[in-house]
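One line per chain: the protein sequences are A and B, in this order. Numbering-wise (our numbering), the first sequence opens with residue 1 and increments by one. Numbering-wise (our numbering), the second sequence opens with residue 206 and increments by one.
Rather than coming from a laboratory, the hints here were simulated on the basis of the structure. Treat the hints loosely; a few may be bogus.
What the hints assert, rightly or not - Here are the in silico distance ranges between beta carbons for each label pair: (1) A:N3 / B:S439: 50 to 58 Å; (2) B:G221 / A:R109: 55 to 63 Å; (3) B:M206 / A:I24: 21 to 29 Å.
Claimed, not checked - Some chain A residues judged to face chain B by a derived CB distance under 10 Å, without partners named: (4) N15; (5) K75; (6) S138; (7) E167.
Every residue gets a Cβ at the ideal spot worked out from N, C-alpha and C, and that includes glycine.
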Amino acid sequence: MGNLIIVDYGMGNLNSVKHKLSKIGIESNISNHTSQLIRADKLILPGVGHFKKAVENLKSSGLWDTLYDAVIKNKTPILGICLGLQLMAKHSEEGDVDGFGWFDANVVRFNVKDKISHKVPHMGWNSIRLAKQSLLISDLPGNSEFYFVHSYHIQSNDPSEVLSFTEYEYEFPSAMEKGHIFGLQFHPEKSHDAGEQLLMNFAKL
Amino acid sequence: MFRPRIIPVLLLRNQGLVKSIRFTHYQYIGDPINAVKIFNDLKADELVFLDILASRDGRTISLDFVSKVGEEANMPFSVGGGINSLQNIREIISAGAEKVVLNAAAAKNPDLIRQASETFGSSTIVVCMDVKKRFLGRNQVCISNATKFIDHSPIEYAQMVEEKGAGEIIVQSVDLDGTMKGYDIELIGRISENVTIPVIALGGAGGLNDLRNAYINGHANGLAAGSMFVYYGSRRGVLINYPDKAELKKIIQ
């Protein structure tokens, strides 16, 4: 399955992804070294926290350019998780800053009307509705649920990039895919068997 | 479909798992890591670990313990116990926890909530408010194992915590802890209606109907319990348990 690198840019809990991968027999390394990221066969970009802080960390460490080279020039497959997905959009309302722009999408805050039954953050287990066929989201047990925790979500301008939707008062894109670039709003590393299956699918791509 | 989370809350005392009644009468339940393995098999939604002696002893929940849970847990988990600085929080998150639970420190230094949510993201910061009935049955927020009262009504306190940037609030009823008589639905409902962040009900759950009641009538997003998930039957025999899919359906329909 090659050399899988979890990108360390100082945003959140990287070990939980690494532990989960190792539990299902997939070796990975956590790294912030340009030379390792450039040579990786696959990349995972996790992340929890503030969008603006994440962009600042990526830029000040030089990883912003490294990821551009790896993903756009070398076409290394990459999986963004939660904030990692949001960073792949063009722009976020959270801090009013630009992301990588790999998806034709923006990141906006949840705009729910019923504030008693739909609290923000959207935190907890929810299902997904597949919008297209994909190798990433396949072989799942029926009625699979995934763990979400986020206050902002993707708003897509290009329906062909949306892999799944999830409903929280209204539907928002919960997984994105464009060629070798993948992103999940939910946390596969914290989503029991269904999450394991997705990580396995990504590792086997 | 979105559904409420069902959350076992596990209390730690000297590295062992215990369960209390009204914050006293601790009974030893078992080994916490073994409990995580069982909750993995039972596909629990989320776990909360609280070190109930940490604050009193002037220390923070063991990082070694947090790492061990992080290596085992197939679900998100939060930890609390003596956490009172950004450095504490940073260490606990890097040890593998998704979220930290602030209790006494949030009451003593509410600005810590703001600093923590700006640094780590608000969804990482959970505030646990302990509520106990005082004169004429009036609810008041308390800390330090329900020995000190703070000058806030539960609603005022919940709104303050939200304004400071907490990602969710655990509302714990001290009087109902371990009784398995049902949650304080009125309290939970009033707080849910007055904040826009998720509310987790804790204290008093004894069965599926109590969980359902907190969801339907209390508008809680998280249904948490201790005794219900570690005891079985009227004699309170120790047996870790968790609702299965069919039982879950009964709670949310």
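Legend entry - Numbered hints the structure breaks, given as an ascending list: 2, 5 and 6
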